[in-house]
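Number of protein chains: 4
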Amino acid sequence: MRLVDSLATTEPLAEVFSDEAVLATMLRFEIALARAESRAGVIPAGAADAIAHAAVVEGFDTMSIAHAARESGTVVIPFVEALIAQVAQQDPRASTFVHWGATSQDVADTTLILCLSRALPIFESDHGRLTSALRRLSDRHATTVMLGRTLLQPAPPITFGLKAAGWFAAVSRTGRQMFDAFRRARVLQFGGATGTLAALGERGLTVATELARELELAEPPAPWHSHRDRLASVVTACGVYCGALGKIARDVTLLMQHEVAEAAEPGGGSSTMPHKKNPAGCGIALASALRVPGLVATFLSAMPQEHERGVGAWTAEASTLASVVQATGAALVSMADVIGALHVDADRMRANIAATRDTVFAERAMMVLSPHIGRESTRRMIADALDAARRDNQSFASALAATAGAAGVHLSSELSNLASPEAYLGSADTLRRRLLNEDAE
Amino acid sequence: MRLVDSLATTEPLAEVFSDEAVLATMLRFEIALARAESRAGVIPAGAADAIAHAAVVEGFDTMSIAHAARESGTVVIPFVEALIAQVAQQDPRASTFVHWGATSQDVADTTLILCLSRALPIFESDHGRLTSALRRLSDRHATTVMLGRTLLQPAPPITFGLKAAGWFAAVSRTGRQMFDAFRRARVLQFGGATGTLAALGERGLTVATELARELELAEPPAPWHSHRDRLASVVTACGVYCGALGKIARDVTLLMQHEVAEAAEPGGGSSTMPHKKNPAGCGIALASALRVPGLVATFLSAMPQEHERGVGAWTAEASTLASVVQATGAALVSMADVIGALHVDADRMRANIAATRDTVFAERAMMVLSPHIGRESTRRMIADALDAARRDNQSFASALAATAGAAGVHLSSELSNLASPEAYLGSADTLRRRLLNEDAE
Amino acid sequence: MRLVDSLATTEPLAEVFSDEAVLATMLRFEIALARAESRAGVIPAGAADAIAHAAVVEGFDTMSIAHAARESGTVVIPFVEALIAQVAQQDPRASTFVHWGATSQDVADTTLILCLSRALPIFESDHGRLTSALRRLSDRHATTVMLGRTLLQPAPPITFGLKAAGWFAAVSRTGRQMFDAFRRARVLQFGGATGTLAALGERGLTVATELARELELAEPPAPWHSHRDRLASVVTACGVYCGALGKIARDVTLLMQHEVAEAAEPGGGSSTMPHKKNPAGCGIALASALRVPGLVATFLSAMPQEHERGVGAWTAEASTLASVVQATGAALVSMADVIGALHVDADRMRANIAATRDTVFAERAMMVLSPHIGRESTRRMIADALDAARRDNQSFASALAATAGAAGVHLSSELSNLASPEAYLGSADTLRRRLLNEDAE
Amino acid sequence: MRLVDSLATTEPLAEVFSDEAVLATMLRFEIALARAESRAGVIPAGAADAIAHAAVVEGFDTMSIAHAARESGTVVIPFVEALIAQVAQQDPRASTFVHWGATSQDVADTTLILCLSRALPIFESDHGRLTSALRRLSDRHATTVMLGRTLLQPAPPITFGLKAAGWFAAVSRTGRQMFDAFRRARVLQFGGATGTLAALGERGLTVATELARELELAEPPAPWHSHRDRLASVVTACGVYCGALGKIARDVTLLMQHEVAEAAEPGGGSSTMPHKKNPAGCGIALASALRVPGLVATFLSAMPQEHERGVGAWTAEASTLASVVQATGAALVSMADVIGALHVDADRMRANIAATRDTVFAERAMMVLSPHIGRESTRRMIADALDAARRDNQSFASALAATAGAAGVHLSSELSNLASPEAYLGSADTLRRRLLNEDAE
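Chains as they are written, first to last, in the numbering used here: chain A, 1 to 441; chain B, 1001 to 1441; chain C, 2001 to 2441; chain D, 3001 to 3441.
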């Protein structure tokens, strides 16, 4: 976790893509390959043992591998050379069978897939924490009324429980899609030079099956070296999920404004202002929601890869994918923390409705009056009442009563509780409960 | 279909998003709403009839609606005003019940969904045409050998049937995902001002159910005004699908180079060069594969929409979504045409293998020799043979025989057919068949 | 201006990229080419006259050109064919000299450049209107105090004049860069088939010079068919400019929240809520600020075009460029309107400072106290005072006096006006004036 | 330089953004601030010395700072706390004056600017190396003829010198723009909490001037905390520059195809195919040209930052900017290496023209014949000759002579050298020389 990227990842995810982890995973591939090939009778059993014995992280210098990667266009070539050298030191004959029949892309792609596999349970755990917290929040505030706000202007009331249920359902839906994409992508890449497994003769498919089993990956119908859609689906699903997280973060930062003050995350301080409490967690999620879309665009535009292995486009993927996964995970942890500790001020929510001088109920008056006196008359009467309410700093309900009285219109008893938020919630709670059931879909 | 966008759409899809279609769809929503509300006893039956009667495309001036949209921030407001005026002309009292209890976003979003619904069968038909053509192509060339090419350099052979099967499987997989996303998005948007249906009191959910039935859309658990993930999934799935189409187009343009000449689309001419045949169809698909990723990024970055209706972000969606769908459809039609009429030159494919002077079989020699004489000796011997083949313009097989002979190494009979493409195809055909079965997944 | 794009353009800019304008511009190119070639003695003078005579918009069917474009991969080929047919009807011999020595890309690219040239004065006029309005706003509110806000939390005061000056300077700086980019791009594209002007023999450069003169464009050092950097610079400069416009729009929408109520644009209404006034203008600008970045990504990723004319990448440009220019212009007009009519509530601005109970002046207290009693003691004392202010709903100044008194610390006279915004503005007005002078840079 | 990012940076640029360099730069800021404030009489001289003394890289634990950054939303807060602790250990009183009057963003933004300043000479040196190599290449191949290629199809000839000059001019133009953007961005960020420098009273501007001088940065008209256009211009200029580099890389990879074989970079090997030479350098440049556009989109979409400091958007910048600079520098070094060592095969270039059977000269025949026999007759005659050439595998020149003879048309002496590339180069060399002079613009 570097300073410049510290808000773009988390410690567990930084570890997943760390040099040590990447190196260990590449070694794991080569060991598994040797074992699979030995089992299939392709290479001597002793060679597999020798390779497994030599393939330990400590023997490798990642700096020099990273350096040499610029010459060959992939880290795998210097990595394999280093592994051959390590094996050769202990068993020269076995070194012949290192990376037997495989190509660089087999190692690189399967390593990415295995990194994704390690990220998955981290995501699942944080996702579970977030959805539980959202569900609790929604239940706790099932009857807490607050302003609806459209285009950042006050609108008829909703419940905070409904808002939280909307967050919950979006995160649940997009999480489901994301986890599906991760699982569909958990497939071995193993095709040899051009994806035919020709170097392994008739035993290529046997080796592939054994290798997939060793690595606990599914075996795809065929190698997918230049068909990147499974990875692209992971990346885009992360993008959609980040958008859903960013939506929550956007709402919370807006509710946390001092002038609104309806909800607050614990937040962070300032280096110069002692009074400050900043939406630091939401900031991290919003940053991810801004960064991931651009990374998604990169991944998609890199899909048309030439023939059996692309030049450039394939190279563009690894750091992009690692950035997407880390940014998504960073947003997820932040929002799980934010929602888990969210402070909600129900009194202020109600007060902010009242502070509109009940004008947000003008729609309600419109619905009640217009069947009686027609759309145009109602529109004029309400416009007058709204003006009067603003001018005289009175409530819209009073102003409307006066305006109607002056016009000789009798306001029905239906409007007696015009300014009661509870009386104008429509199907809010039914919808809330439906949304909370959505993860059972 | 405008000149400046003519390669970014097709006629049927341009029609889906045309002014006339959009207007007709908005009218369809308002008619369906009135019917649903009349059936639910919310508005008088006569009002629904009057609305249905007045809501005909001919009565509206789309230019002035488009113009007025800039004032109100959405086309729906001037549209509804125009509709009210139309109804009022015929039945003033009924005009009160136009758009009853709905909000602008209900109309705008459901209209988009209905446009998507109209695009879907167009996509399905073209997709079926493309996948059938790809399957035929793969079957026809099951045994046609050609160079594998990695990083645009020659590599051991594959079959053209395998390449086409890879295209098929990628298009099938990503098409399945895309159609799923379209279907998941076929849901009504109907929530009123802030998504509670408060204006309809206790009958909101009944109206919603009736409205969904009228419009042949599914009813979602709740309104989704500021949760845009279903649309985002359509957009991203189009992005991944376009990438799969672009990959085919990339390969075909490369095969169509005069120097390669292994395959060709019918193509287009030039305004000045009589000899030219250009990959015009592939160009359209590649253009879409370049344009859609940026549009996807826009859609994703617009997801964190404020509270119950976003400002700006929501506005950014309509033209973005319309562009994505049209670009995807344009790429799809082009590739269906290209593949349906693809000219393949199997002789040239084989000749291009031979033109490498068999050097692409060096890997095969490596696999055969190194178990006998060790990795390092083999590497040196093959390097010498490759140098000799280049220097003396002879085949690698001959050069290797000479080099081996000089070194006293006996080349096993296994290498007697070293330069036979058919002898080094590994599991190509099994993989090909597996890929063609992938759409049955 | 179509319904689906109505918020993504303006009428004058929609006209610039309309079928009629694009067609007229292509015709203008062909007429100018014929004249230049006639003057250079390359084609007969009569041919130029005949071409000019036949090249009138009315004779062309843009629909069928757009349709045919999908076959040839560019609108220019069917356009040139239609022009030849038009000329041939009147003067068969002259028709030979239509498009003489030019290639499709010469027409298409120069047409785009001429469209940009027509957009430029529209941009300049609106930009002038916006910057004038911003300057006036800043001057008018030179001494209007308001909360600074960081991470959407209250912070020490600024002046609204300073905020407006910051907007002004950003728009001025980025406008200057954008106009420079437009001017650098005003160059002729004319190279013939591969950019050597070979078809014109020794007179190619003479024709190019004459053609540039006819079209009032600069003559570049050489044709730039596959070097798209000048257009890319226009696109990216629009992107940066849109970002600066979007920043203003973001601020205004936030100030316009009911709970903040410090500034408001005239705004638009709602289809269902009579009380609503929405930031419709800002919404258009924010939508552009969201859409343009993705379009910029597309344009940049299309830059690596193959050899002397790219396949696909070139095709991706036209609609992207047209969208960028229209979105930028739409944002610009909206913000010129918004700022020109912005309502500012200076009283509310001051009241919102007071509503923090002066806690935003805690930094000031920190700066004054800590040199006397040290950082840690000050930090503790201020933290206590902030807690007390919140707990007892009193002003931070009173709470601090009490806390300090209890600790036996004498608050210096420097802090007597602790809660006076005017006393804690630092260099705000000097900075404001400097920013307003920035366009003189 | 991590494994996963090894192709996305270079060692010198990885160092610029390394933890050690970032930490050292933040310390440099705080030391310079203390000195400037001491000189301006704002803090005691002894405090500045004590701060300078304690502010050494060795005393800081970057891991724990990075960890704590997630709490506060910026690395600066834990960094400043650690610095205060370091100073307090040695001189408790001086610790009061650490970071005096500054805000986190002052440190973070100025640190980014100083990182850019360190990257600039690295870029300048590599850019000089690349442009020199391109100029040499163009001069050396001033008369080397090769196929022009449009839409990846053969077209009339150009010279390789002209192609290289086009690369040169694009890189020169976009480099100039990029370096200008870097220089415009070399400005101090220093504004205190909200950009008024209020904490420093009347001496804020004096401190700013001194601080800028200490850090060798220009002093902007005012703090620019929420106006990110200067950085956005750096990012977009890198994007355009990467596009120009990617164009060269695209062309080289295509020329390097075995079937074309006109040019080759030294390249890298394969982990399994002994015969392979891969365009590894071009691959790195193409990867950057794919990755940077998405990063540009992120940066632009993050521009509309709220009020005096954005939430989320600001956070999204640092890693994005660092990625852009490193990717651009990686592409630049790779292309400088590729072009510096490019192998060109002039014989093959000429042979590839001939291999079209001279059909690329059909345009030339068109230009010569049609004034005599009219456009339509010429078109038909040439089409027949092209067909004959293909059918009978003869040269277009012979086929045309036969076709013309059969039609009784006398081919003018102008066409005697129809198939001579040198006779159909138009103004290629003049244009080449003009392009090479473009950097003198």
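Don't take every hint at face value.
Claimed, not checked - Facing chain A, a subset of chain C residues (Cβ under 8 Å, in silico):
(1) M2063
(2) H2067
(3) V2187
(4) E2259
(5) G2269
(6) T2272
(7) H2275
(8) G2294
(9) V2368
Said to hold, decoys possible - Okay, the calculated beta carbon distance ranges per label pair:
(10) D:H3067 / B:T1430: 37 to 43 Å
(11) C:G2128 / A:P12: 49 to 55 Å
(12) C:R2379 / A:A354: 36 to 42 Å
(13) A:A355 / B:P1092: 35 to 41 Å
(14) B:T1209 / C:R2391: 47 to 53 Å
(15) A:G408 / B:Q1089: 50 to 56 Å
Claimed, not checked - To give an idea of the interface, some chain C residues facing chain B are shown, with a C-beta separation under 7 Å as derived from the structure:
(16) G2073
(17) S2420
(18) A2423
Worth flagging that the hints you see were computed from the coordinates, not collected in a lab.
Remember, predicted model here, so these are calculated numbers, not experimental data.
Beta carbons are placed, not taken as given, at the ideal position from N, Cα and C, and that holds for glycine.
Hint-by-hint comparison with the structure:
For M2063 of chain C, the shortest C-beta to C-beta distance to chain A is roughly 31 Å, which exceeds 8 Å, and the interface hint is violated. Hint on H2067 of chain C is violated. Least Cβ distance to chain A is approximately 26 Å, over the 8 Å limit. The interface hint given for V2187 of chain C is violated, since its Cβ lies 28 Å from the closest Cβ of chain A, which is over the 8 Å cut-off. Because the closest C-beta pair between E2259 of chain C and chain A is about 4 Å apart, less than 8 Å, the hint holds.
For the restraint placing G2269 of chain C at the interface with chain A, the shortest Cβ-Cβ distance is roughly 10 Å, beyond the 8 Å limit, so the hint is violated. The beta carbon of T2272 of chain C is positioned within 8 Å of a beta carbon in chain A (closest approach about 6 Å), and the interface hint is therefore held. With 8 Å as the threshold, the beta carbon of H2275 of chain C comes within range of chain A, its nearest partner Cβ sitting at about 4 Å, so the hint holds. The beta carbon of G2294 of chain C comes within 7 Å of a beta carbon in chain A, closer than 8 Å, and the hint placing it at the interface holds.
At about 13 Å, the closest approach between the beta carbon of V2368 of chain C and any beta carbon in chain A exceeds 8 Å, and the interface hint on this residue is violated. Distance hint check for H3067 of chain D and T1430 of chain B: the Cβ-Cβ separation is about 51 Å, which falls outside the suggested range of 37 to 43 Å. Distance hint check for G2128 of chain C and P12 of chain A: the Cβ-Cβ separation is about 54 Å, which falls inside the suggested range of 49 to 55 Å. A hinted range of 36 to 42 Å holds for the C-beta pair R2379 of chain C and A354 of chain A, which are about 38 Å apart.
At about 37 Å, the CB distance of A355 of chain A to P1092 of chain B agrees with the hint of 35 to 41 Å. At roughly 51 Å, the beta carbons of T1209 of chain B and R2391 of chain C sit within the given window of 47 to 53 Å. Our hint of 50 to 56 Å for G408 of chain A and Q1089 of chain B is violated, since their Cβ atoms are close to 28 Å apart. Evaluation of the G2073 of chain C hint against chain B yields a held restraint, the C-beta minimum of about 3 Å falling below 7 Å.
Among the interface hints, the one on S2420 of chain C is violated; its C-beta lies about 34 Å from the nearest C-beta in chain B, farther than the 7 Å criterion. This hint is violated: A2423 of chain C has a C-beta 35 Å from the nearest C-beta of chain B, more than the 7 Å allowed.
Hint check: violations occur at hints 1, 2, 3, 5, 9, 10, 15, 17, 18; the rest are consistent with the structure.
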